[in-house]
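Protein chains: 2
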Amino acid sequence: MLSNALAYAREHAQMFLASLTELLAIPSVSMEPEHAADMVHAAEWLADYLQRIGMSEVDLLPSDGRPLLYAAWQRAGPDAPTLLLYGHYDVQPVDPLAEWRTPPFTPTRLGDDLFARGASDDKGQTFACIAALEAYLQSAGRLPINVKLIIEGEEEVSSTFLRRFVVEQSARLACDAVLLVDSSMLSPTLPLVMYGARGNCYMEIEVVGPATDLHSGAFGGAVENPFNVLARLLAGLQDAQTRRVLVDGFYDAVHPLQPEEQTLLAGLPLNEAALLHMTGAPALAGETGYSAIERATVRPTLDIHGISGGFTGPGKKTVIPARASAKFSMRLVPDQDPLVIARLVEEHLRCQTPPTVTLTVKTLSASRPAVVDYRLPLMQTVAQAYQAAFGAAPALMRGGGTLPIMADFQDALAAPLALIGFGLPDDNLHAPNEKLHLPCFYHGIEMMVHCLAQLATDA
Amino acid sequence: MLSNALAYAREHAQMFLASLTELLAIPSVSMEPEHAADMVHAAEWLADYLQRIGMSEVDLLPSDGRPLLYAAWQRAGPDAPTLLLYGHYDVQPVDPLAEWRTPPFTPTRLGDDLFARGASDDKGQTFACIAALEAYLQSAGRLPINVKLIIEGEEEVSSTFLRRFVVEQSARLACDAVLLVDSSMLSPTLPLVMYGARGNCYMEIEVVGPATDLHSGAFGGAVENPFNVLARLLAGLQDAQTRRVLVDGFYDAVHPLQPEEQTLLAGLPLNEAALLHMTGAPALAGETGYSAIERATVRPTLDIHGISGGFTGPGKKTVIPARASAKFSMRLVPDQDPLVIARLVEEHLRCQTPPTVTLTVKTLSASRPAVVDYRLPLMQTVAQAYQAAFGAAPALMRGGGTLPIMADFQDALAAPLALIGFGLPDDNLHAPNEKLHLPCFYHGIEMMVHCLAQLATDA
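Just so you know, the protein sequences line up as chains A and B, in that order.
When the letters of the first sequence are read in order and numbered with our numbering, they come out as residues 19 to 477.
When the letters of the second sequence are read in order and numbered with our numbering, they come out as residues 19 to 477.
Simulated from the structure, these hints should not be mistaken for lab results.
You may find that some hints are simply not true.
[Said to hold, decoys possible] Some chain A residues close to chain B (C-beta under 8 Å, calculated; not the full set):
no., residue
1, A229
2, F237
3, A253
4, A258
5, E305
6, G307
7, G333
8, V337
9, K345
10, S347
11, L414
12, G418
13, H448
Quick caveat: nothing in here was measured; it's all calculated off a predicted structure.
Glycine residues also receive a C-beta, built at the ideal position from the N, C-alpha and C atoms.
Work the whole structure out from these sequences, hints included.
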């Protein structure tokens, strides 16, 4: 059964690629209202595909125009284990569009890479799972275990619907293991299993000064410039030297890194030189006392994502803008609570805000960090599948990114959970020229085929 | 001759308004290349108008697509004094367009105000001068004195051509007095004569970190975020408490305010309450140790005008942008040299920039401050003309804004000079909903009629 499924996967590689290309051409940007129809289109495309390959149950759950796709095949019998797979079909916005070398929704193959928004995050990875299911269902008429599949359309906008669904419909999602397929390997020959994810607290602040934009010639010096205040507020969030977040209580719930995990991290090929190469930065920077990979995975951080207001066109305009705003977010680690952090940050900012302006603080999203015991048997099962498909055992680490539903799945399902994937660090996630490395895609399909077989064997 | 000219001015008020409306409908935004044709159109409209009313010499000097208009009438005889009048026909960009209540280039009268970009700065004021010349030329066939008129199209973009012209063609501009007509009164019943202007040093800086936009989940904490650095650099330019600019040497050339001028300023109806009302800010702010009006006129300052980069759309995107940039400028007072200040600021910023990013610093423009002796007879002449037209003697102060050519005129022409105007502090210069208060426009025409007569009498 395994060898037939593998043979099917290899024989149909070009067909899988063609189907993925169709899916990538649908601009399912969950964040932008003008793509509402595309969101439904992408969800329906997937539902139709899953029905055609033989999933016995396919449901589209409306979620504010970004349907949640639930599919299942549960005919392996009550004694067979049940695996819950998770992926998402929504993608990030494409701006800055001018920096794309190929149109983001015209998937373009260049050598071994397929360029398109969502190619890696997460349509390509999700589709690798679907292809593995197809390989079994079409070659053997069945799967080796029971499988439930969740593909959401709100990963890039906080997973609001799914997070409620997981709590309210936890019985429907009952399973023996969860694999979240939305992650990167370390290199095309070094897979990675992640046993944690950082949380995120995303905030937007606005500083309002004069009632209207003013001319700096008429009032400059006598009236507060919202940008001058905003710069001070943002600069005051982080120490210039140690890069520690200066908000009182920010680190209170952070656990010190255990020596065992420190060793695990130090053993990875992710030293400073590697990160320098991956980022193209003149030099790395980060919190004093931690290695670069520790800073990027197990330590909390704060990043400003955008600042707006005033005059930013060509040339010069001497305006004192009435308002200035900034978006920033903090990656959080266990056991930082994003809502507590949001409150602390707001208090800190309010204390620093002079009475010459008014400050508005909004929390745009709050996602809890999560960590799983990396010594669970599930990690071994997954490792064997990677070994079989990629010829290499995966490294183990906590991820620096955020999967809002990871903590929710943990709470609701009480099943072991791992974060896996087939992306690469240079896939340009959330950036121009996102791509999928096709050898990873093809090996990813095989890895999932092996994984299903291995879960049946281990049961 | 004076009474006929005044009668003409009053009888033709509606015609002047109609002509000004035509001029305001031409979107002569000097800063935006897409308005190149409009610049030429506005200049030609003015040249044509000046020819029709009887100016004996009208020249359009090409200036990189923003022609400089020179006109003269020199038939008052060699013993009559010569007045040089200055105005400009270029206007500021209109953004943010959404905040305009009426279309910026569809002049719209609401009550006593005419709303349009450039209505006050400076088409309305310039046209008031032209209307006064017309009143004499059409009612008497001559002017009481010799007049030269410069109307430039580059005031909002650093007056590059005019500044060279003033030096190279100073003989052509030889005169006995200069009036720069590009300013505001304190209220519709309180005129203002300015005897100085602040300089300006406008800079743009860019901070570049990683080679491309990165995902803060993948690299946040380990790579420098250009925005985090930019916020620190900008915050580090000014002391949070005293609001003093923290650049070494910034204040070295600043003269302490003389008690006589301090008294002059304190006597103006520009106290904190007035400035609060004018700006609509929750509270005023500024350099410790100075009154609000001192801060806005005779003290140097620093204002951030715009910050760009990263993600600023709706929703959230967890990007570490590859680059972030900011525009800011400093208003300067005698004897600060804008090029020296630019160098000091660049040195300061470079010292504060960590090796984790690269910094680019550009000086977009550098204009010298200027001050004239406010006890010169010209000030009295002008005051009498204001008294006659507005029924009130003007206040005297230095202006907080910048007229790049003021210092150049002083150097090249060795003639007394004053900055006058018919705008109002709430005209929304450089901001949405710019307007001209029509009673000021009509009285402004009469003031110029009186001024020409008074200069003939005083000679």
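Quiz item: Is the interface hint for S347 of chain A satisfied, with its Cβ closer than 8 Å to some Cβ of chain B?
Solution: Holds. Min distance 6 Å.
Exercise. Against chain B, run the beta carbon of G333 of chain A and see if the smallest gap drops under 8 Å.
Key: holds (4 Å)
Exercise. Would you settle whether the hint for F237 of chain A is holds or violated, based on the nearest Cβ-Cβ distance to chain B being less than 8 Å?
Key: holds (6 Å)
Practice problem: Grab the minimum C-beta distance from G418 of chain A to chain B and call the hint holds if it beats 8 Å, violated otherwise. | Solution: Constraint on G418 of chain A satisfied, holds at 5 Å.
Practice problem: May I ask you to test the interface hint for G307 of chain A with respect to chain B, counting a Cβ-Cβ separation under 8 Å as satisfied? | Solution: At 12 Å from the nearest chain B Cβ, G307 of chain A fails the 8 Å test, so the hint is violated.
Self-check item: Agreement of hint K345 of chain A with chain B interface, Cβ distance less than 8 Å
Solution: At 6 Å from the nearest chain B Cβ, K345 of chain A passes the 8 Å test, so the hint holds.
Quiz item: Was the hint right that A258 of chain A lines chain B, CB cutoff 8 Å?
Solution: Interface hint status for A258 of chain A: holds (5 Å vs cutoff 8 Å).
Quiz item: Was the hint right that L414 of chain A lines chain B, CB cutoff 8 Å?
Solution: violated (17 Å)
Exercise. With a cut-off of 8 Å on the beta carbons, see whether A229 of chain A makes it to chain B.
Key: This interface hint holds because 2 Å falls under the 8 Å limit.
Self-check item: Hint check: 8 Å Cβ-Cβ cutoff, H448 of chain A to chain B
Solution: holds (4 Å)
Quiz prompt | Satisfaction of the E305 of chain A interface hint, Cβ to chain B closer than 8 Å | solution = holds (7 Å)
Self-check item: Per-residue hint verdict: V337 of chain A, partner chain B, C-beta under 8 Å
Solution: holds (5 Å)
Violated hints, in rising order: 6, 11; the structure is consistent with all others.
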